[in-house]
Each structure stands twice: as structure tokens, then as C-alpha cells.
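Going line by line, the protein sequences match chains A and B.
If you're matching positions, the first sequence starts at 130 in the working numbering and goes up one per residue.
If you're matching positions, the second sequence starts at 19 in the working numbering and goes up one per residue.
Everything labelled a hint here was simulated from the structure, so no lab data went into it.
Some hints here could point you the wrong way.
[Said to hold, decoys possible] In silico lysine to aspartate or glutamate, EDC-like type, Cα no more than 16 Å apart, as pairs:
| no. | chain 1 | residue 1 | chain 2 | residue 2 |
| --- | --- | --- | --- | --- |
| 1 | A | K205 | B | E114 |
| 2 | A | K205 | B | E113 |
| 3 | B | K154 | B | E122 |
| 4 | B | K154 | B | E107 |
| 5 | B | K132 | B | E114 |
| 6 | A | K205 | B | E107 |
| 7 | B | K52 | B | D300 |
| 8 | B | K132 | B | E113 |
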Amino acid sequence: MNAIICIARREMQSYLNSPVAYVVLGIFLLLLGYFYFSTLFLIGFASMRNFFSIAPMLLVVFAPALSMRLIAEERKSGTIESLLNFPVRDFEVVLGKFLGGFGIVALGLLFTVPYVFSVAWLAPKEMSFDYGPVIGGYFGLLLLSSSFIAFGLFASSFTKNQIVAFVVGFILCVFFFLIDKAAIILPYSLAFIFEFLSVDTHFTNIARGVLDSRDVLYYVSLTAVTLFFTTRMLRRSRG
Amino acid sequence: MTNALSTNIIQVRDLIKSYGSVPAIKGLTFEIGKGQVVGFLGPNGAGKSTTMKILTGYLQPTSGTVKILGIDVTENSIEARHHIGYLPENNPLYEEMMVMEYLEFVAQMRQIPKSKRRMMIDKAIHACGLEPAVRKDIAVLSKGYCQRVGLAQAIVHDPQLLILDEPTSGLDPNQIIEIRSLIKKLGEEKTVLMSTHILSEAQSTCSRILIINDGKLVADDTPLQLTQQEGGSIYVVVASNKKIQLSKTEVSRQLASIFGVTKVESIDEYKDAGVAMIVSYDKQDPRSDIFQKVVSLDWILLEMRRKEITLEETFRRLTKE
């Protein structure tokens, strides 16, 4: 347990020590803010709904961008060898890395919290701002990011090349994000499965403010399965 | 978990390791007792690093057993890793961290309790002479200091066994001597297994040398034994007592008749009055016989010197295909 936190903390510190993290997070916030606020005033309605439909799309790109280095960089520099020589189990290493990446995304999302208050302030006095969907939305975003970070970490676990890690992670994120869009052309039974597999479907449910254990379970198991395969991948490098 | 009966720190039995279908280690068996500093030699690709990575538990062996303090590294890897300090080849470090930060990270990962952490880190820093670099980023350190950081992280948890993969590679001669004396000092308390390509280093630092070639052990002895084996050559210069030039063929014939001499070669460049020869022998040292022969022929022995075998020659003999 100690080791997991220790790895996660080191990971976050090294993110925050490098300019890349600030650039990536900065662009993320800039795009998110721009897309959201440019439509907010056209709609003329104080709601965060658009924010929660833009954020997942951006995370499809930014989560793998933030997680691509997690293991690939250690493979490249050779530090993976000392890391895997600590008296620590492989899954602890994976969990630590995951939490480190997740922490950075969560930090990015934290910077968008002021949006909530400014939009709530814009809402007319006679109509009180509904915080329910916002809390649900953020919760959903955290769950969604956890599975995206897990995809990115998995992609990072079998290569030295961060670009390869990014592309593979991106493809995984896109696949699980868009899979329900293919449902339209499929017969009902298949469409149901595709929709169930989609990250976006479950997110929309949660962001509506309806917290269903099925949706939460979906994200938790998707993350867990991906981290399991990441651990397997790490073990494979032990030959 | 530790087997009290075994005094062996490392016990390797019938170790085999293949990468896919490519065999890297083809049956390796050796033991290393407490308090030895052992040099691990072999040409590139002989399997040194692979063996070390298996000992530390980073790689899984294909077959065979490896025990560290009686703990099987395959069955009980985590437990075994607690007793090992490891400096990997090329000494990979997190360059963006400060030395102190890095050692604290290592100490935490090594599960040193918080109360002892500070003290043990300070001890490692002191032992490696790292005091001037503590607050510096690892990225700006010289290679010699990086190597000290690598050694400090290997000893911070006070392990009984140190495994060092080419600890002096890429250093300048001054740094090499510093690191070497540091290893010697660490070897007073710990068992050390170090690989190196500098044979004189193995000779001066280690009390025992293992040489592997093509995945197999080809020598396991003290440096002294490895350089004083059966056979060798003697440089001899003889001259006639009667102010006349000796003929080379005569000298050669006489020397060749001595028991144990296998080959006599003359040295042409010798300009003085005498005749110089290189006498090779295979078993017994024939120096006293040569002396007696020269006296009996009423010649004068101007010079006689046994040519030392260097560890390089032993190494080359054992490891060339």
C-alpha cells in the first residue's frame, strides 16, 4: 500500500517538475474553456451540460497524452529495471503508476471547478442553479478518465516509444468512446452490447445526475481489467 | 524463511535461461559464501548481465534454482529482494529528481520504517561520499557522482549482498579508482558480486573470479591461481665463456633437451654478445634445470626471467572460441 502511494506521488511530482505537463494541461484547459464558453452565451442558458459533452471528447486525446510516458519512459531510460527490483509486487507498481496519472487528470479537472461557480453566478436569481447534474458530471468524468488513463497506461506498458504509446492509447480510447455510434447500423441484440460497452453511454447516464451502480461498475471493471492486462504485460518483460 | 544452515549468500544450481529459442545461459552452477568480493568476467554476450538480472529477481530463469540467503528467488522473489542491493548496468536513475529526493524514494520503496529512514539515508550518503551533491538534480551530476548515487541507492537498506553490473564503466581513471576503493570498503561488510571488463580491476578488487563464456562457467578461482597456472614461458639469455659467439641452433638444441620444455624460440633482435631464447614449458617450471644445463656446458647465464601470465591471457585462452 505504502509503495503504491510512493510511486503515485513520485509520478505526480515528476509530472509537475516537467514543462510538458503544464503545456498539455494548459492546452486542455484552453480548449475546454473555449469550446464551452463560446457556445454558452449563444444558448443563453446557464447550464454545464455542454461542458460535460465536450470534456469526454477532449479526454480521448489528453488522457493518453498524459499517460503515454508512465511506463514507456522508464523502459527507455532503463529505470524500469530498478523499479521492478524493489521488493514490491508488479500490480502495486501498476496501481501506483495509474494513480499518478489519474491524479494529474483529476488536477486538470479541478481547475475547471471555477467554471461551475461562474455559470451558477450567471444563472437568473429566480431560478436556482441545479448542482446535482454538475456533481454527477464531475463524478462521471473522473470515472471516465480512470478508464482512459488505464488504456493509456496499458499502451505505455509494452513499448519504449512514447508516441507509439500515445497512438495505441488514443485508439483504445476512441474505440470505446465511439463504439455506441456504430449501434445504429447494427441489429438490436448487437446494438445493445455495443451500447453497453461504450464509455460514452455510461457517462451520459451519470452526467444526467442519475447514479446507477451499473454505470459505476462498468467503469470500475473496465479499469480493473485494463490494469490487470497491464500487470501481465509488465510481467512479460521479466522474460 | 532464511535457511540457518546455509552459509552461502548466493547459490545457483543448473541455471538455464533462454530468450525465446535463443539460449543465453546454458547450465550455470556456483556458490558464493559470506564476505567475498567476487568478480564476474566474460566477453560481451556471455550472459553476465542476464545472470545478474536473474539473481536480483528481475528476470525469471527458464530452469534451475537460484537462492539468495537460502531464499528461492523464483518462489519468494519479494522476500529475496530485501537482501539484495543492485546497481544495474548503465546505472539508470530518475534524472529529474534531486539526489536526496531520489534516495528518500528508494528508502520508501525499500520499506525502511520512517523512524530509521533518515539515519539510513545519511549513512548511505556518508559511505558514498555524496554529501556535496545531496541538494543537486541528478541530471547535472558528473558520471562519477551518478555512480555514487547508484551505489548509495543500492546500499541504503543495508543489504547483505551487493550485485554491481559494471560499476566502473564509462568513468575516468580517477573516478574508477575512487569507485573501486568504495567497493572494496563496502566489501568489508557485505558480499559483493561485480561484473567488469577491466581485468586488472577484478585482480585488484576481488578475492575470487568467475569467468563465464557462452553461458557456461569456464573458470572459478582466485586471481592468483588464475595467473599462475601450469605452463608458461621463460626468457633466457646465455653467452659463451670463451669469448666466441654461440650458435643459435646449438643453444636451441641444448635447451630443448631439458625435461618439460616444449618449444624454444630464438629472439633475433638481441644485439649483445649472448643468445636470447624464449623457452616454453607445459608442466613443471624448468628454471633450475636450465641453470644446471648452462653450468654443465660451461656457458654463462646472463639473464633468466619467467614471463608472468596476465589475467588477460587467461581470459583470452578461456573465452575464445
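Quick rundown of the hints versus the structure:
1. Note on A/K205 and B/E114: the hinted pairing holds, with a Cα-Cα distance of about 15 Å set against a maximum of 16 Å.
2. Taken as a hint, the A/K205 and B/E113 pair is honoured in the structure, with Cα atoms around 13 Å apart against an allowance of 16 Å.
3. Taking the CA atoms of B/K154 and B/E122, the gap is near 14 Å; set against the 16 Å cutoff, the hint holds.
4. The hinted pair formed by B/K154 and B/E107 fails the criterion: a straight-line CA distance of about 23 Å is larger than 16 Å.
5. Taking the CA atoms of B/K132 and B/E114, the gap is near 24 Å; set against the 16 Å cutoff, the hint is violated.
6. Restraint check: the Cα-Cα separation between A/K205 and B/E107 comes to about 14 Å, which is no more than 16 Å; the hinted pair holds.
7. A threshold of 16 Å between alpha carbons decides the hint, and for B/K52 with B/D300 the separation of about 36 Å lies outside it, so the pair is violated.
8. Simply put, B/K132 and B/E113 have alpha-carbon atoms about 24 Å apart, too far for the 16 Å limit, and the pair is violated.
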